[in-house]
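The listed protein sequences derive, respectively, from chains Z and D.
For the first sequence, UniProt numbering gives the first residue as 1, with consecutive numbering after it.
For the second sequence, UniProt numbering gives the first residue as 1, with consecutive numbering after it.
Some hints here could point you the wrong way.
For chains that are exact copies, the list does not tell them apart, and a pair is met inside one copy or across any two.
[Unchecked claim] Okay, derived cross-link-like pairs now, BS3-like style, lysine-lysine, Cα gap no bigger than 27 Å in a straight line:
#, residue 1, residue 2
1, Lys-182, Lys-83
2, Lys-146, Lys-5
3, Lys-101, Lys-21
4, Lys-81, Lys-185
5, Lys-81, Lys-21
6, Lys-101, Lys-146
7, Lys-103, Lys-81
8, Lys-101, Lys-7
The set of hints was computed from the structure by calculation and includes no laboratory data.
Bear in mind the structure is a predicted one, so any value in this text is a computation, not a measurement.
There are 2 protein chains.
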Amino acid sequence: MDALKRKVMEDGVVIDERILKVDGFLNHQIDAGLMYEIGEVFHSQFQDQGITKILTIEASGIAPAIMVAHRFNVPCLFAKKAKPSTLNQGYYQTDVHSFTKNKTNSVIVSNEFLSDQDTVLIIDDFLANGEAALGLHRLAQQAGAKTAGVGILVEKSFQPGRARLEEAGLVVSSLCQVASLKGNKVTLLGDDQ
Amino acid sequence: MDALKRKVMEDGVVIDERILKVDGFLNHQIDAGLMYEIGEVFHSQFQDQGITKILTIEASGIAPAIMVAHRFNVPCLFAKKAKPSTLNQGYYQTDVHSFTKNKTNSVIVSNEFLSDQDTVLIIDDFLANGEAALGLHRLAQQAGAKTAGVGILVEKSFQPGRARLEEAGLVVSSLCQVASLKGNKVTLLGDDQ
């Protein structure tokens, strides 16, 4: 997706060979118009899949996911990183490790909002090691729901996330694929060919 | 706003006399169409105020705020509850106490994204004691930005939030005002008249 690729090239800040900071349009300040366009793109890709729910994880996944949900005219469901005091009934739970933050979070979805009648599209901001997307897929599986695919904004293609998701049988669509962050610059997949 | 009031009455779960759970359309599963309509309403109320940025706080504020930002065609900026490892430059910081969670969070906005050229509209899901909105207003003040107003989805009018915000000179617009949660039921302001 050209608009997103342009933003990544113009506004992305390379922190080191593994970390790309996109606080200017995604992870702190958010470009709402760009999120809207992203909703259009994922809708065009997955509109025939019978999607009933968009599934994401707080906090950075919410902005793109709500726009995708709006375009599909279905609810957006975000997994929580801590069990709220008000969640006393049943829930699905799995562990997700963040390599960036070096921390394992138990993520939770209430069983009120996900069932074997659902077909979910997983949306997340980044794909690196695939931990968050695989965790969301496990939550869907616990509910007996089908995962139609995984929609990612920025894929770090030099990390194993895509391979792990594909091994799990998931269809992955990434709007911007980063081949490398070496030499303090962003190289997109295809750019060096 | 009738659509939101209806949702609160139909889907809101009274936990106790102070806590209303709205996980069905706002705080866990999110009604994307309703968030879109909320963007329209706040835009119609604040469109003449020269808003340059929508300011909110993670995580539950993001969904309505991004829709408001989209309608205003301005960026959405969300304050973070923890300093990210990638935020090494200057930032504004203030403390926000959550009475529900009985926890004080230091909330942060990078000084890259807020300046004395900005006029912000603060958006949040709930108004109870006003801590989050006042904290966001302090962040705006630290940046020299103007706060045009505070847009709230659900106000608990039996708690002091609105009074505290108005004392601070802020214009408050709440789309649904809850007068009481007593007797295990939601009474909206005006309903008992």
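Verification of the supplied hints:
no. : hint              : in the structure
1   : Lys-182 - Lys-83  : between (38 Å within a copy, 25 Å between copies)
2   : Lys-146 - Lys-5   : neither (30 Å within a copy, 33 Å between copies)
3   : Lys-101 - Lys-21  : within (13 Å within a copy, 30 Å between copies)
4   : Lys-81 - Lys-185  : neither (32 Å within a copy, 29 Å between copies)
5   : Lys-81 - Lys-21   : both (21 Å within a copy, 17 Å between copies)
6   : Lys-101 - Lys-146 : neither (30 Å within a copy, 34 Å between copies)
7   : Lys-103 - Lys-81  : both (11 Å within a copy, 16 Å between copies)
8   : Lys-101 - Lys-7   : within (24 Å within a copy, 37 Å between copies)
This entry does not satisfy hints 2, 4 and 6, going by the numbered hints stated previously.
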